[in-house]
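2 protein chains.
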Amino acid sequence: MLQYKNFKFIDGGVCAAAGFTAAGINARIKPNSTKNDMALIYCDTKCTAAALYTQNKVQGAPITVTKQHLSDHTAQAVIVNSGNANTCNPNGIEIAQQACELTAKALNIPADDVIVASTGVIGQKLSIAPFEQNIPTLAKTLSSTGNNEACTAIMTTDTRQKQFAVEFQLDGKTCHIGGMSKGSGMINPNMATMLAFITTDVKISAAMLDKALREVNAVTYNMVSVDGDTSTNDMVTLLSSGHAENPEITAETDFYAIFKDALYAVMMNLARETARDGEGATKLMECTVKNAHDYPTAKTVAKSVINSALLKAAIFAADANWGRILCAIGYAEASFDIAKVSVELSSKAGAVTVCENGSGVDFSEDFAYKILSEDEIVITINLNEGSSTATAWGCDLTYDYVKINAEYRS
Amino acid sequence: MLQYKNFKFIDGGVCAAAGFTAAGINARIKPNSTKNDMALIYCDTKCTAAALYTQNKVQGAPITVTKQHLSDHTAQAVIVNSGNANTCNPNGIEIAQQACELTAKALNIPADDVIVASTGVIGQKLSIAPFEQNIPTLAKTLSSTGNNEACTAIMTTDTRQKQFAVEFQLDGKTCHIGGMSKGSGMINPNMATMLAFITTDVKISAAMLDKALREVNAVTYNMVSVDGDTSTNDMVTLLSSGHAENPEITAETDFYAIFKDALYAVMMNLARETARDGEGATKLMECTVKNAHDYPTAKTVAKSVINSALLKAAIFAADANWGRILCAIGYAEASFDIAKVSVELSSKAGAVTVCENGSGVDFSEDFAYKILSEDEIVITINLNEGSSTATAWGCDLTYDYVKINAEYRS
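Note that the protein sequences, when read in sequence, are chains W and R.
Residue numbers for the first sequence follow the working numbering, beginning at 1 and rising by one.
Residue numbers for the second sequence follow the working numbering, beginning at 1001 and rising by one.
Be careful, since some hints might not be right.
Unchecked claim - Simulated pairs of lysine-lysine, DSSO-like, Cα-Cα distance not exceeding 27 Å: (1) R:1340 to W:67; (2) R:1260 to R:1290; (3) W:340 to R:1067; (4) W:403 to R:1125; (5) R:1067 to W:125; (6) R:1046 to R:1067; (7) W:290 to W:370.
Everything labelled a hint here was simulated from the structure, so no lab data went into it.
Please model the complete structure; the sequences and the hints are all you need to start from.
Given below as structure tokens:
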């Protein structure tokens, strides 16, 4: 967990905010599955809701149904399964709608207040049976400590849970934002990403909730890449119960700024953990590009570096092959003077400058190896042209990435 | 070798065209190197020359020097080394110029008629000593069968030679085009690519030579990707001796069309072999997108599919995970109706349709596995919207790609 602006991190994930409960269950979406694969999140009141979705032209059926259900910016429950993406299936929409209806019936709420999401293999038929058999049980087992069971249920090739929550004050009222997400491969979010469910008790208008989600998503999830593949099922949702009873946020006030910072603290950590848990990864790569003449330049260069398969393989081997960094900077589709660029590699073990003015400088290969042998590697690129900064997160490329993806369907 | 329009393929590579000789030598660019790493190509007359270069902002010193030397569209020799890219070195330009001067002196030609190219690790100092010690010997050993020694000398992580030549008639005159290239990783050409040296004896104006190279390059090298990394040293050159004594090609005549087809036969095969020999690759992936409403759409979709790390890993495992193909089609930055798309997988073992109208169709997984177990896999995507076609080439993603790139510098 990376501290941000002194926010107090607490347990509870999606259940940290007042009003929210959750549950998870093994619904055998895949016949041989032994782990939880279906989750329910519920709020005791109708929530204001915002969401972002994948920009892939192929979109899972749950994306289509959720978009319809959120057209009024309200929701009260989330039903989500792993093990099957319900994408490119002839009757996918029908299945997604039925899942919402079953959830609505169990919770006694309208079906169009249910968000539905799926993740897993694309293009395999999904039966409604696991939903019929398990949604009533999920509804009965909802609890304020159900976040762990729910978080496990959304994992696919993820090796660990990803959930964070913060507590903070707004006008003397205690507020919370918490969330969970999944995602390990097919990660190159473009708008929303993977599956992420965020909850809060802050009172905030639908417009400002949407604005905050877009702004924070742009600098968190959208700055993560594991393999450059943008999923068909990416979705991040943000639900607000309003239970904190703060004066409603309806404009870009100081309270909005605090809310946004708290949301950043949660989403940045979820995004970082997604990169760290990239399929087969042994190391988190963080690339910060600074002193760019504008933000898009900084962002494009940072993402180009984080996406380089050659650099990712070198980082796996703790090899300070900085020529691959320069190469990836060089093919980024952005405008800057390569002759001004400097590059530093750092980690808990120290920092070393490997390139100045676009050319190599002498450095100790042994020390660089020590730096790159840590499990969080920071690459700092100084464009020396302006004052804009961007950070992107990725991971190394390993034998296990190939293994996981050569065997995923079987 | 893939036959094209009945062109007669012959041996000889860069020496197939009249006037050209070549040589290769182990110059110990890397101290422990035991293979050829320096090559010389020479023509007995001053040639008309065309070239294309990497679009990476980081460009090797040899690129800068070669651009200067080709400003008059003539050249008579090529000096090239592997083992060191001579890129991001403070004195790189000086070394590249000296290599040209040494070559010029040994051949008694002007230094600005020498093309210089380097490939290998970026950002490591390159000494002039190996050039001083070996260029005189290279000049003395030039021969019309030296293409093999030269072709070996430009290989880095390549596992096999890549050279092709064709013989054809123009106005009753026997003509030749031959070429060699290297490239295995850091392959995502953008303009020119890797190193490729093509020679011909066809009489053709500098303008038409340049035009033919650009047009054919766009549909051959620029349609290859191994890992999405665009190298700093990509260069393809085309030299014409004019010895065939055909009436000079100076416009888009029928003879130009034949010349371009012959050039395509050579460059398409070099490009295909580059993809097949991608680092760690066990399979050639060919993706043809047809019935697109325009060529850019077909091209963008084909390259998106060929670049998907997830699909490449699935192909390695002979897993018909067509959802990953749909996904990569879906995130291609192009405009088309995903609901009209169909996908077919084929190889020597047969063909199977896996997707129609954007949704999965039933197919035999066993038969699909058999198809994907061959070493040349064809993915045919029908957009069902127009009449444009594009083909891109790539390879599977394997444990060995990681291994090669985790260990490349050591």
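These are the hints, each one checked on the structure:
1. R:1340 to W:67: Since the Cα atoms of residue 1340 (chain R) and residue 67 (chain W) sit roughly 22 Å apart, the hinted pair holds (cutoff 27 Å).
2. R:1260 to R:1290: Roughly 22 Å separates the two Cα atoms, so the pair holds.
3. W:340 to R:1067: OK: residue 340 (chain W) and residue 1067 (chain R) at ~22 Å, within 27 Å.
4. W:403 to R:1125: violated, 37 Å
5. R:1067 to W:125: violated, 57 Å
6. R:1046 to R:1067: OK: residue 1046 (chain R) and residue 1067 (chain R) at ~17 Å, within 27 Å.
7. W:290 to W:370: holds, 24 Å
Violation of the numbered hints given earlier is confined to hints 4 and 5; the remaining hints are satisfied by the structure.
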